[in-house]
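**Q** Here are the chains, one letter per residue:
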Amino acid sequence: MKIFSDCYRCFENRRRWLILALLLLLFLCGWQLSRLQVEENISALLPDGNSVVANDFQLLQQAPFARKLVVNLKASSDISTDQLLDATDVLRDALPPELFKNAISGPGEELGLALLNKLGLYLPILAETEDLQRIDERLASNQIDQRLQIALSQLLQPQGVALKEKIRRDPLGLESIALEKLRHLNPVPEVRLERGHFLSRDGRNALILADTSVAITDSRGGQELLATFATARQQLPSGIKAELVSGHAYTHANATTIQKDMSRVLIASGVGVLLLFLLFLRSMRALFVYLLPLFSFAVALLVVALVYDQVSGITIGFGAVLLGITIDFGLHVYFALRKESASTEETLRSVARPVLFGALTSLAAFSVLLRSELPGQRQLALFAMAGIASALILALVFLPHFLGKQRVNQQVFRLQIKTHIYTRMPLLRITILMSWFVIILLAAIQMQQLSINGDLRKLSYQSETLRQNEADLTDAWGNMRGRALIFAKGKDLQSALRTNEQVWKLLKVQDQTGMVSLAPLLPSQETTQARLDRWRDFWAQRRAVVEESLIKHGHAYGFSAAAFDPFWSQVEEPPHEFGVEQLRQLGFQDLLDNLLLEDEYGYQFISLLPDNPELILALEGQLTSLPGVTLVSQSRFGRQLSHEIGADFNQFILSAGLAVLFLLLVLFRSLRPLLLALLPVLTGLVVMFGAMAWLGLELNLFNVVASILIIGLGVDYGIFMVCHGQQEQDLASARAVLVSGLTTLVGFGALVLAEHPALHSIGLTVLLGISAAVPTAVLVIPAFQLKRH
Amino acid sequence: MIKSRNRFFCLFLLFCIVPLVCYAEPLSDELELPEIFNRLQRAADETHSLSIDFVQEKHLAIFAETLISQGVFFYRQPDHLRWELLSPVLSGFVLRGQKGERWNGLSKETESFRIDRDPIMGIIAQQLLAWAKVDIDWLKSRYRIELLSSQPVRLQLFPRDQGETGFIDRLQILFAVDNSHVEQVEMHEVGGDRTLLRFENAQMNQPLPAEAFQAPEF
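Line by line, the protein sequences are chains A and B. Count the first sequence with the numbering used here and you get residues 1 to 789, in order. Count the second sequence with the numbering used here and you get residues 1 to 218, in order.
Since the hints were derived computationally from the structure, they do not count as laboratory data.
Derived coverage of chain A by chain B (criterion: at least 3 residues anywhere in the stretch with Cβ under 8 Å from a Cβ of chain B; other residues may be distant):
#1 150-158
#2 163-171
#3 548-561
For each label pair, taking beta carbons as the anchor points, the in silico distance ranges come out as:
#4 Gln172(B) x Glu180(A): 39 to 45 Å
#5 Asp202(A) x Arg42(B): 38 to 44 Å
#6 Asn38(B) x Asn479(A): 52 to 58 Å
#7 Ser463(A) x Pro209(B): 57 to 63 Å
#8 Leu148(B) x Asp86(A): 35 to 41 Å
#9 Lys118(A) x Glu211(B): 40 to 46 Å
#10 Gln214(B) x Gln494(A): 52 to 58 Å
C-beta atoms are modelled at their ideal positions from N, C-alpha and C, and glycine is treated no differently.
The following block holds chain B by itself, in its conformation from the complex (with noise of 0.2 Å):
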């Protein structure tokens, strides 16, 4: 009798708990989420510049291994971006506002661009800017966003685009302890693919000259 009553009793806290914790995690994400986006938000306001090396692994089953590449990203307020791969191949890209070129090493092409008249590229420059400035709101319409830790914070982002569903299962970003930038990006695709992004060296608020928003001469 007295087991029985000990099981009743162990169900009866299953219930009991299961709801509550189910409950506690959203609830803790509203309680910090908009306190975490505020020291995000002020943090990325201090930001004019930035210089940033990354390493970027591909975990893609269109490759026979894991295939690494290495590149810089400078981002110069309010719309300048470069993205270049320095290894294995020489590409990347430039925007200065609604225009830009981007290039390949391989085959020494560069082709210019603007990103209302190419939708994907359109789509990559509002994802990147997005992330320098720490755009919250245009982020929270894109994607779902659940707080996995706040110190540092770690973001994990469901996208909400039905264009973007097809191709990212989630996306899991991490900053830096103070904030200042994203240390880590972690993407993982809908057939099982998987990306990861290492940010390192960052420079905060140091002149950029301007030939780095340009395309490299071949």
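Here chain A stands alone, though its shape is the one from the complex (with noise of 0.2 Å):
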């Protein structure tokens, strides 16, 4: 390591350039930082390119309820229907349209009646083939007795002057089973209609629903309609609460937990890093030491904001945690600077060796983390990669410059680990590899029931309001945000029809509780013209039959010969079509807005089942093997997430093991000192996984960066512990990785801090395994290889 000996002599007379450098990297830094946009939703958590969970994660988010924004009115106990209605409609007139979009609060009184009156007249083209079967069976001479004693009778009360012309039109009732394909149409479960409302089966509750171009990443512009929203809530009286469930609510919730988190876990490591400093150094040369994660930290973001848009919060979060790692260098460079009696020239060129390896595994495990599937992961690599690069350049050029001749104090580091004590105290070594062994054999036991958790949801801020108004909109209307989603594409809308049909097929021999689809109103024209002849054919064969037992029946109840004439007209000239335009007209435009799409790739028909796992695999295989079909669901996309996350982990591991490998190879060249290298790495990945089992977490998206983190740390230690071993320079090594894995702890001590579960996440079970590997490093290490003198 001559190179930085050599560069140490050369810069030796000419600090100024030095700090001249600093300073203009300073001011880069402060001058791109004031452009930094950070980016504080939860996106960079999700995943991108085209992988399959990355497509399926687009497509979920095109669930009907997904775009849409929800208003759950919930009335207390003494509040009448009315009232409720009525303080609907003040609520739904309240919301500014610019905002909310297309608000409604029901399909309209209207709906119902032009249903009623024009959806049966469609009967020949909806019928399938076994609902042919079921008007053959109404056509019975027994059935037609029975179907006009009831037109009489309806006839004949006061709400016969309303049945009339549909009675005349259809005497045998037979439009009922047109009017049946609606049952597949209704996407809020827990649905009835009063006075054209939405109302819950209990009658508690109201809805309403609207649409807005706000993005539901955008967080300011989240904020504003949530602002907005509780000022129009205000108008609503006493006894009616209203809350408006959608996205903008989570995000906003994000942001503003991750605001709040990176302000405190940047606090509370920042003071935690420095009373560690007070402790343990108590130097105002220490000081510079301490610069060295900030200018890290800077150069870092200022690496991320060059190459990407916008910075994840999250990524700045995770600064705290490399003001932990970039420092490790420093400590060692200090440590040994300070305590060695050889020249800085000699001291530089032996603590460069295993500072330089240090960096270089953890550079590698991070590399590995750039081919990761979520934006965020990948920022995450390249902040710590360009943070690492920059804190060893720091350590090796600049801080043997700032730190002088002068030696620590003895007296000073009070907690000093004594090297040699193994020596003294063989029985201590012994516990100290019994109680190593044991802790590793239980936590190597504990970790098989570690289980992975692919369900991003977990890893997003859920306030407890957020949380109960979930609950209440699903307690009132049933799972309507939460459905299973097939989309059944097309290049035009008649092949988009066809294959929608083919889904349908598959999806109507299961249960079909709470599936919606508009396969069985929207049928293809194939399937149109095959209905129509079908029609055909059967009245051909029972008309004469059917129209004799008619006008014979209908003799008997006083009905004139040309009464059901309308209903032969109809079963002679059907309509030729019903398509989007039809349904259009009958009021089902909401519904088609959220069922079929259109883009310039041609259309998409979505169909929704209950996200129920055993019928997600029953229909999983034939649906997928439909061409244009795609099956998404929250629980698949969760078990596709946990087997991806699964995958990377173990290619990640894989990758980043093996770099270290080569690395330690290259470094020691010896199979002893690379596995004794290896020991707090592994001990700390055991130990957290186990520690994770034990204390019931799972294995989510963030403890990947976690374990890589545990490796480019763990490994640094063992680098740091075995060359310090091999060495007859004292580097004080032993001091310098317990200080530094305490800086460590503490800046991810400050990580669980933070309230948002990912970066919880992140710092809960690092601490795990940093708390393992810091303690093998510096006793366990030792006790296998004692120090040569």
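Join these two chains into a complex; the hints should help.
**A** The following block contains the structure:
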């Protein structure tokens, strides 16, 4: 490592240049950071690219209610239904249309009668083969007699005036078969209609649905939306509460939490590191070491800001952790230079080797994350690598010039590690080794229980209020926001309709409860033609008999011979088509907007079904074998993501492990020190996984980052301690490892204070790993390898 | 010349009188209707319960002949109704507040309903209750009302509601001389069909048993 000692000599009398370079760097960082845009949403946590998981995630965003603003109004027991519906109208009208577009509180009162009168006309097109069988059953003589009795009874009642024309058109009640198709169109499971409003089954909840141009990931826009809603809600009378349930509330809650966490974590970790320095170092020179991570943090942010348009808040939060990593290099250089009696050049040459290889292993470990599916992980990897690289240069090139040659006062370092204590107390050595072995064994047994959880919602911050609002919505209306989606795609409307029909063929053999599909109401042209042909054949064979029967039974109840002429006109001249336009005219515009998507690539029909794992498993194989069909569901997505996390994790660990092994081989060129250097990292990982399983935690996306971090840090500790054992010079590595480990723990300890589950998860799990890696490096490696003298 | 002067005079009279007549008719309604509504309202306020028979004549194209049916109507304040046909088909409905049952004697089926979930039954119940209570405000909101005669009171109503105008052209309502109840309803439908309801044997403020508002058991 002659290069660093040469470098030191080169700048020994030119320190002004170094200071100038640092100031220039600071200016650059400050200028770039003033323009930095912090991304406060969770999109960095979500997969992008073209993987199955990324595509599924994009498709899940197309779910009808994922894009909607849903307002749930809840009435107390002393509020009547009329009062609730009146208040719903008041709130709906108070929502400004520029933010709450197309706000509706129900389909309107006209929809029911329009459907009743018009949809039945399309029975010839909507009737499937099994429906014709049902119609055939209704044409039996006794059935006709019974139907005409009912018709007569209805006509004599006051409501007869409204039903007369319908009875003339449909004396046998066949149109009800067409109306039954509507049961597959209810996207809100527990809804009933009253005064044209959506009302929950218990009559205590009403609903307002609206669209908005504010993107769900836009936290500022979401904040304005929520504030506007809060103002509008003040118009509600007492006894009626209204809550807005939409992705915006989650984005806002996440952004606010990340902001709070960022300041809390940065302050806490900064103060913690400062306290450690004051406790262990008590030297003004040590402040230069303290400045090193701040510089590397600024450089890392600068690099990330140059590469990305926006920097995730999670990346900045992770900066607190970097403080812990990058300070290690400075500490090793500091302790070595401040203690060693040899010249600075010589000491620097000795300490540069472990510091450089420590940094290289960390860089190699983090570099594997650059291939991650998650933009957040890629950004973190770049951030960490930039921070480590800059810390390495700062520690080996800049720092030695600012530390001076004064020796550390041994009295000041009160928690000094006695490196030769094992020689004096062999029993302690055996106790340490035994304890280590038992802990490893227990953790290894326990880690078998560790499971992987791919549920992204668990990584997103949810306040108690949000959770309660979501629970209230599900209680009142059923699970309207969490259903599985099937996309039937076609380059034109007809091909999409055909694909949607194929999907429905598979769905209808299952329990249809909770299924929503347009297929029963929107047949393709081929199906329409086939059904019309069947309809004509059907009546050609039966008309004479049925007509005679109708006249005979009708006469008995006083009906005229021409009473049902409109029925026969319908039979003879059915409508030619029933398509999107007709459905729109019947008042289904909103439903079509939700279940039929159109873009430059064509059309997509969405079917909804309960997100029941058994049902999804039963359908998955058949559905995915259909061309143009994609099935996505939260539960399936979670399973896929868990699988990918597992696969990614194995790949990352393997890649990082191989890279680290290669670097260790280059460094030590012998198996024994290599294995010893690996002890902290292996212990850290095993204890981390074991403790997670013991605490009932599950492995998530961010624990993958945590594992990489432990690999990077653990290997560093191993390298330093093994190099320390191999060299005759006292580089004060044990002291450096202890202080840097404590510094890292303080950094991660600060992350544990974070409320955001992702940050908290990183902090807690790495805390576990580092807590095991540091004692292993400081106590176990020396127990295996006593220092040469 | 005299002849032509007379013609001119006649035309002058015609042009003067016709607008006056046209103007006088609604003016008369405007003056009299509020008073008549008050009288009807006062009479209705004194009616706590009503039991009355009716004969219904259906002059509908769908039937070969005029179909005559008979039945009974019960009302008890504030919201109990029974409308029952006794012949030719035993059928009808009862209403108790928001809930009710309807039945058909031929099929021997009884079915529960709620007027807030059954729009057609909701409209029928509102209509019958409005007439039983003489809810003038509601009636005026639903119909344009003309006075045909004041003693006995005979009103002609034209629906305002778009849905109702699709079925009903106009209604003529004849009240009893003492205004205590409706005596005859004549409904003219859009296609020319007509229904006539004659009410008789009215009994006011007689106690009505609870069973009067229960569906029959088959």
